[in-house]
Amino acid sequence: MNEWQPVKRGERERENLDERLSAYYGPMRREQPLPPSAWQDLRSRLKSHNPTHHHMRWSWCLRGRRFVKQKAVSPFIESAFTRIVYEARLPRSSSILAYSFKARQRQPQVRVIPLARRKIRLKLPVSTPLEPAELDVLLATGLARYLCMRRPIYAIKRCLGYSLMALAGVALVWLWLQKNPLLVFPIAVMLWVALCGIVLWLMHRQGRHMALQADRLMVLWLGRGHVCRGLHTLEERSRNHTRWRWGELSLAERIAHVCGSEVPMQHERLTLVR
Amino acid sequence: MATCEDKLVERAAQGDTEAFRCLWEAHHAVTMAAALRLCHRHALAEEITQGAFLLAWRGLPRFQAGSPFRPWLMRILYRHTLDVMEKQRIHLQSISLDEVLEVENQIGSHEQLDLQERISQREEIRQALAKLNSDQRRVIALRYGADLTEPDIAHVLSWPIGTVKSRLKRARDRLRKLLMDERGEIQ
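Sequence lines, in order, name chains P and C. Counted the way numbering that gives the first Met the number 0 counts, the first sequence spans residues 0 to 273. Counted the way numbering that gives the first Met the number 0 counts, the second sequence spans residues 0 to 186.
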């Protein structure tokens, strides 16, 4: 009989906790209509979503390009980066950011090079102006990925991967120098290629996972609405938003993850507030 | 068969604000109720509701035609609410007496418990929730503040179901321990 006592106590505790948490959030609320002015307020904000509005507002960026070069735009980028650093509650460190305008660049890009002095590299197109949300997303992506890459577990896994490939390469050279029978060397090469393939695939997975984590951080800093807007603007600019590179997410995947706008029919059960 | 709402969604996706107004009128009261239940603050819930509709407006061109609108909107709302609550660190702000009274009036609570007792119970839970990590707070909020099942939580947060289960279990264990410690200290 006594054996059942801890189980019963555990169940009681669990029920008690469930009750207390349910009481904390309270029962289902009845509908809470907003005042009619709320629609007017929302409508005025809907208008500001029109991309042409922003293009006009920030067209000074494009106009200014003819007369002044990179340095004249720097306060605009610097202030945006400072704001993001502040939102991320990090110490101010604009010195890690470098940017350049490229004539052949069609869409803006951000790269993170953890070992370089300027760790976040922004490449911007000369031909088209940049919207504020777009710039914020690029800068926040760079900063968030840099933070994720600095995590020891990420760096250790990365180092292990590269070391493994390098060691296998050294072993292969050593085998070649040993003048082993002809059959051994091709098998070793095949094994080396397979090993490199597996390591590169794992690193690709790790890169994508890190990119997802960075996007989550970015949403926390900038808010989902702002990030969503920035990503959609980048998508409009992009020729092929479903294309992905090694260790990277495609723009479409990032949008699906951040904006979460695809809900299939079978999830109708989510309608819990009636 | 296309319903009236499908047509509204289609028109709104093409930028028709009047169609979006109809959708807003049909759904804003329930989304507001859901946001209020999660965050307990009327002004914040209003802001969150409007924010969720803005997100929905932005995402409408990508909305799967023929899908029900309400679940899609609720998913956006839940994610947005949790983001805003974490960003504004709502769990660190104690609940005021006015808010408790306002919430209880809306629920229509007629419990005989002393008001002071109810406030201290709420405060105890809030402090325990503040000690959880962000992901644990999210699963607890969706489980108890939105009454979602584990698969639904997994869908809303885009996490694997196993992750939801383990985080929910860890969150419950930690909360139980924290609340028991609290009781022990009081006694």
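It is worth saying that the hints were derived from the structure and are not from the lab. It is possible that some hints are incorrect.
Here are the simulated DSS-like cross-link-like pairs (lysine-lysine), alpha carbons at most 30 Å apart as the crow flies [as the list claims (entries may be wrong)]:
| no. | chain 1 | residue 1 | chain 2 | residue 2 |
| --- | --- | --- | --- | --- |
| 1 | C | Lys164 | C | Lys130 |
| 2 | C | Lys6 | C | Lys130 |
| 3 | P | Lys101 | P | Lys122 |
| 4 | C | Lys6 | C | Lys86 |
| 5 | C | Lys176 | P | Lys156 |
| 6 | C | Lys6 | P | Lys156 |
Open item on the list: Please list, smallest to largest, the hint numbers that this structure does not respect.
Closed with: 2, 4, 5, 6
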